[in-house]
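Asker: Here are the chains, one letter per residue:
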Amino acid sequence: MTNTQMSQDNQSYTDADSREFLSFVLGEEHYALDIMSVKEIRGYESVTKIANAPAFIKGVINLRGDIVPIVDLRLKFEIGEATYNEFTIVIMLNVMQRIVGIVVDGVSDVIRLADEEIRPPPEFGVAFDSQYLLGLVPIEDHMVILVNIESLISSEELGLVDTQITAPQE
Amino acid sequence: MSIDMEQFHGVFFDESQEHLDSMEQQLMDLELDNPDAEQLNSIFRAAHSIKGGSGIFGFDALTGLTHIMENLLDRARQGNIQLNEAMVNVLLETVDLLKKTLDTYKNKEEIDQNSIDEGIKTLELVLADESQSDTAAEALDKGSDDIEGFGFFESDTLADTVDSSPTDTPDTDTEEVEGFGFFEQPKPVTDEDGFGFFEAMPIKPEGTNKAYGFHHKNIGKSNAQGKASVASTSATPDKNTPSRKASEQPKKATESASIRVDTGKIDSLVNLVGELVITQSMLAVIGSEVTGETEEKLHSALAELQRNTQEIQESVMSMRMLPMSVTFNRFPRVVRDLSSKLGKKVDLQIEGGTTEIDKGMIEKLVDPLTHLVRNSIDHGIETVDGRLAAGKSETGTVILRAEQRGGSIEISITDDGAGLNRERILSKATENGLDFDPNMPETKVWDLIFEAGFSTAVEVTDVSGRGVGMDVVRRNIETIGGRIEIESTLGKGSVFRIHLPLTLAIVDGMCVSVGDQIFIVPLVNIVESIQPSKDQIKVISNDNLLWIREQYWPLIKLHKTMEIDNAINEPDKAIVVLIESSKKRFALLVDALVGQQQVVIKSLEKHYKRVTGVAGATIMGDGGVAMILDVESLAGLVKPPSTEGKKHD
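Same order as they appear, the protein sequences are chains A and B. Note that my numbering has the first sequence beginning at 1, numbered continuously upward. Note that my numbering has the second sequence beginning at 1, numbered continuously upward.
By construction, these hints were calculated from the structure, which means they are not laboratory data. Values in this document were obtained by computation on a predicted structure and should not be read as measured data. Be aware that one or more of the hints could be misleading.
As the list claims (entries may be wrong) - Chain A regions said to be covered by chain B (calculated; three or more residues, Cβ under 8 Å):
1) 65-71
2) 76-89
3) 109-120
Stated by the list, open to error - With a Cα cut of at most 27 Å, we get these calculated DSS-like pairs of lysine-lysine:
4) K573(B) - K557(B)
5) K359(B) - K345(B)
6) K39(A) - K265(B)
7) K99(B) - K364(B)
8) K560(B) - K538(B)
9) K609(B) - K39(A)
10) K573(B) - K49(A)
11) K557(B) - K49(A)
12) K265(B) - K49(A)
13) K359(B) - K609(B)
14) K49(A) - K560(B)
15) K560(B) - K573(B)
16) K49(A) - K609(B)
17) K606(B) - K560(B)
18) K573(B) - K538(B)
19) K492(B) - K557(B)
20) K100(B) - K121(B)
21) K265(B) - K359(B)
22) K39(A) - K606(B)
What the hints assert, rightly or not - Facing chain B, from chain A, some residues (calculated, C-beta under 8 Å):
23) V60
24) I61
25) N62
26) L160
27) V161
Idealized CB from N, CA, C, for every residue including glycine.
Extracted from the complex, chain B is given alone in its bound form (with noise of 0.2 Å):
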């Protein structure tokens, strides 16, 4: 292979990635009853296109692949086949190989040819036993207005260059079936500019009806939309159009709303925007010093030039963000293929997947997030049989949702299912020798889920049940600065809640003084910020508590976590800040609160390592360090009260 070729390597590979993507989704939604002829023409479409590309390139092995399943997926859209259950099987495990072999290439490995090779088998035979009763479908043809309708529908809105019908329908036979065949819809559909990231069919004839362009474009937003539309608009033939191909012109026009750029040269741009907000506040800072004449002018280009690296930041920033949906797609596929091998019935429902988050998120959320879900169908929804006894509609629900809330994320996995048995989480916890309290609240119960080596499942299934994965949930997720929380009623269902901040590249922050040193406080997790006076101070066992709204609050005095010297240590000259975690509430004592402030985030492991209690450093406004506190680490440094059983080391 020459050198020339291997720079397009990278894209071949990402768009093949792309199109599989949206190849499983749509096999995933296809109504097998009654299959939506512009969905079967994008799932053919983006199988041709991959045979198309990795021809190209000489990747035989999805060339070969695809070649049988383009095949198979034409008879489908040309109305020669109906697609049924067992077939989609096969496709779906097509699609799985044919990421698998994608892989493979990308990381220039040797190509498993036996699979490959069992692929197109299996392949071959689906289309083997279509090809017997095709002779059976054709005469169904003749008398059919339906099948003739659809036949004629696909072969009209061919997006390639089949112009010509292959199909056996008879031109003839329009006039009968123009009800089927043409929504009309001469209109482009230019909806999809938002999701400019899945864009890479550079011919898409959305010539059928707004509503399933709207679809196809929707269905990284939301499945259970998108279903709803199909109904409704299959139910509504219109009037003949019979000029669809014009309609596949101003399509085009859309083809560059986006750009592929490489996340590298975005992230260095962040770090490169967050040095320019250093600097103009180090300008600040100089600039409030200069007196006299110029000290109008600068202030206002000061006042200009903030506001304009602002802007900067925040485009900058929105560049990072993705919207939910790209990690929620990948759902449906998972819940299908679990609830079928549970022998479960499971409807999953996607909402929010337009909520944006920060890339680098999104990739950490994929392991938790898939985990989550798991574990709600397999511990969570009972069986069909369960379900009946328990009062329940046969088919469980569970819902992935996304919203935005203030300055952080909330990402919920609801179910219907038997929710979290109190007793049973117990005695495991008592079998695996955690030392717990009996009688502690719920909340509290449900957190023992996340300790290590703690299932729940009477049986370990392949499925989850081992115990390895709760506690490397919560892990993950506070290693991107989120917390975990469950609400569970017993026989009603459980909600699983990530809460996160918005990006991990700045935080709001209030910066407190100790000593002679700057801490900066994430703003989410104030509560308030007082001076106590002498009588809300009580000592239990030398430990401070404070005494605040009909509440005990242990105190942390900052000075002695970071170590600092000459810092006020009388709780009643200084200044206390509620804070509150997802552990836990306590108040930090510290000197004073200097003022609020946006920080950029500086990893202190990147030339260090982890500091218990610091979540990272910034750089102030005079070039100093700042700590970042991390106050989930900071509450784990509250002595538990004796009436809490956590276990602590």
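Next up, chain A with everything else stripped away, as it sits in the complex (with noise of 0.2 Å):
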């Protein structure tokens, strides 16, 4: 999947309406998440397996001394398939004082995008929850999904984050 340009030609990178988004790919579908919750972009490597969690979680990497988990979106929201190559990128973000790495099919461009840009999200038809979406913008010939990815990752669907205080476990 290549996507060659997206970028709004017509928006100046003065407007203070504007937002920049990473776009990004999974399966055939077109997502964007806001830049700056992007911490860093980096290609996927061997994990270390979390025992008693999800498919999706692949586990967790060192990140420069950090142990960060990795979520694989494609697993999560059975979109296209779960390979993993060189070419496979994992896009580190930093949410909510956490970093989180998501496993994507690759990422395509930063496009700025003013608020009036951004049509409200349909209540279906992606697989991806509405509460989770922020809109959809028409891009050239095809829509971009925008994530709201902190909502996203602490959501008790996705399970990254502890939602009860102490209950035991076992």
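Assemble the dimeric complex from its two separately framed chains, guided by the hints.
Answerer: Set out below in structure tokens:
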């Protein structure tokens, strides 16, 4: 999946009402997330498995001394095929003082969007629950789905954050 | 208030806190019949320092309170009034009020002026009472060597600029009282170096007597010992040494033995050194692959690096270590208040206050320890009548002890009270609907009191007995990697023992491999590792048991718990590690032992969440992540045999 260019040419870079998004590809679908929450982009490397974790949590890696979980969104939302090769990309996110890596099929571009360009998300039709979506943006011949990455990462569904306080798990 | 001043607030708060703690400590230690002059001085100075500081910063509530407190203390140290129990109580209450007010200022909240005014009024009342009897005391002065002696002694040892004797003791009396007034000791007290954390008073005229000075500094360490030294020294009057002031000078040299460092800085240093250790072990792995000319040079350089990093790590870790006395010091007060409230007589003994422990743990120990001590006094120690009826001495004893045992710290709370009552615990357990076996061994019965909602107190007091405590105590201790056990004999008393790791940041571990992953088992939990033979393996209802050393050990297959494929499943082809946790003993099946190693504990929870069976993670020499096993929660996976009736969910 290669997307050549998606930059909004008519957007001036000094526009205060616009935000930058990093767009990425999951299967056939195009997504984008707020670039301010992106820490870095790196290749997929071998992970250390975590016991009793759902399959989409691949495990943890050492990110310069921090133990960081890696989530494969393709497995979570059953989009495309979860293959791991030298082109597999991990976007390291910095959300709510936590670092989380998400595995995606590819990173396409940085797009700048003005608020009025963003359409409200549909109630159905995409893999993500609409509560994790910011909206939709038509770019050229396809739709880009804007993900509210913070609510997704902190969601109970993903189970990356301890929800219960101290209840024993056994 | 100008912004410039605000930067000093933190220092003022810290120092005042220390002053208040030391005031409390010394008030507690004060022997009312025969007050130690140096102690009175020291209390006075603490109040004076707070007053001075609060005046500068405009914390008027503090200034007002300390001012009147200072008046009272000033009279006391000059021998004009004799402190009694009630006055000490008022002073202690004032210290509490000051602490509260200090916190209020610290949090920039509204000051409760009413309570301040009330506190001032109480103090004024005490002061007014005493002024009336003052004249009588003065009259007494003329004839009594004792009182004059004190008066003289105190005025002469003043820390502050009060050089002229404000007492009404005429100088000509000196000769009569020299035995009391002068304890020869021109030497400076340098022993407090080790205690640098507490040094906050810039001017300490430890001019009196070494034993005295020692006592004060030692308060942080042990009261029980200190008391003995007061008793002995007060009985040893020495020859006349007129120039006491000379001895004040060398004292100042030891002033800067410690510096105040933000804990955040130390923590980040600890983290950085952790990184350094990881990088060093990565280098060692790479270095071992190098061959040829440079091999030898590289190896010796790497060995040097390893030694250096290890030393850096040790000394950085030691920066985080604080003596247990930091926590223990609060207990004399707790015990005093509680025992007088409950009408019991309790003697608290503190041992091993110098034992050092990680700062992070000290903070988390305060609550559990307070709870356990309160528990011992409330539930353990009987009333005076009860003790006499049981043929015991009137005064109960609670011993708070800390000691280092190999790689761990043991803290125990011992009381000579009634001990735990098996029947009452069991009947209470039935009442609470807990599932148990009535014939289970005592240790299991004692463990019941750690269940949530458990309390054996006949009456719920405001001290304890609501049953919200012991389960929290155990949980708190477990979160810092410790365990607690109880030993108790009915009628003789109980011992609560807390075992803690030395530090939270590194662990001595055994690396084991399972499939293609490495796990770390904390060394302290390992009994031994063996390769079992086929006839040692028994199967009971699909669970494997191992027969080792005349005992059956339940077998946990680590690859099953950790969901790892391609691991060895047959115990006779693999290795079992025998593990002992606070709850159970079990055998852990792993593929192979890789080696023993000190690892830096990294939090999994920081970016992920708690994982059952895993205490944390670490970074191995190759940069990969390995999980550190949590044997306590693994032990929870062992199916309880039918003879055990513990609740199982």
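Asker: With reference to the structure, classify each hint as holding or not holding.
Answerer: Going down the list of hints, with the structure as the test:
| no. | hint | in the structure |
| --- | --- | --- |
| 1 | 65-71 | holds (count 5) |
| 2 | 76-89 | violated (count 0) |
| 3 | 109-120 | violated (count 0) |
| 4 | K573(B) - K557(B) | 13 Å, holds |
| 5 | K359(B) - K345(B) | 32 Å, violated |
| 6 | K39(A) - K265(B) | 25 Å, holds |
| 7 | K99(B) - K364(B) | 20 Å, holds |
| 8 | K560(B) - K538(B) | 18 Å, holds |
| 9 | K609(B) - K39(A) | 20 Å, holds |
| 10 | K573(B) - K49(A) | 24 Å, holds |
| 11 | K557(B) - K49(A) | 16 Å, holds |
| 12 | K265(B) - K49(A) | 33 Å, violated |
| 13 | K359(B) - K609(B) | 24 Å, holds |
| 14 | K49(A) - K560(B) | 13 Å, holds |
| 15 | K560(B) - K573(B) | 16 Å, holds |
| 16 | K49(A) - K609(B) | 14 Å, holds |
| 17 | K606(B) - K560(B) | 26 Å, holds |
| 18 | K573(B) - K538(B) | 15 Å, holds |
| 19 | K492(B) - K557(B) | 43 Å, violated |
| 20 | K100(B) - K121(B) | 17 Å, holds |
| 21 | K265(B) - K359(B) | 13 Å, holds |
| 22 | K39(A) - K606(B) | 16 Å, holds |
| 23 | V60 | 5 Å, holds |
| 24 | I61 | 6 Å, holds |
| 25 | N62 | 5 Å, holds |
| 26 | L160 | 6 Å, holds |
| 27 | V161 | 6 Å, holds |
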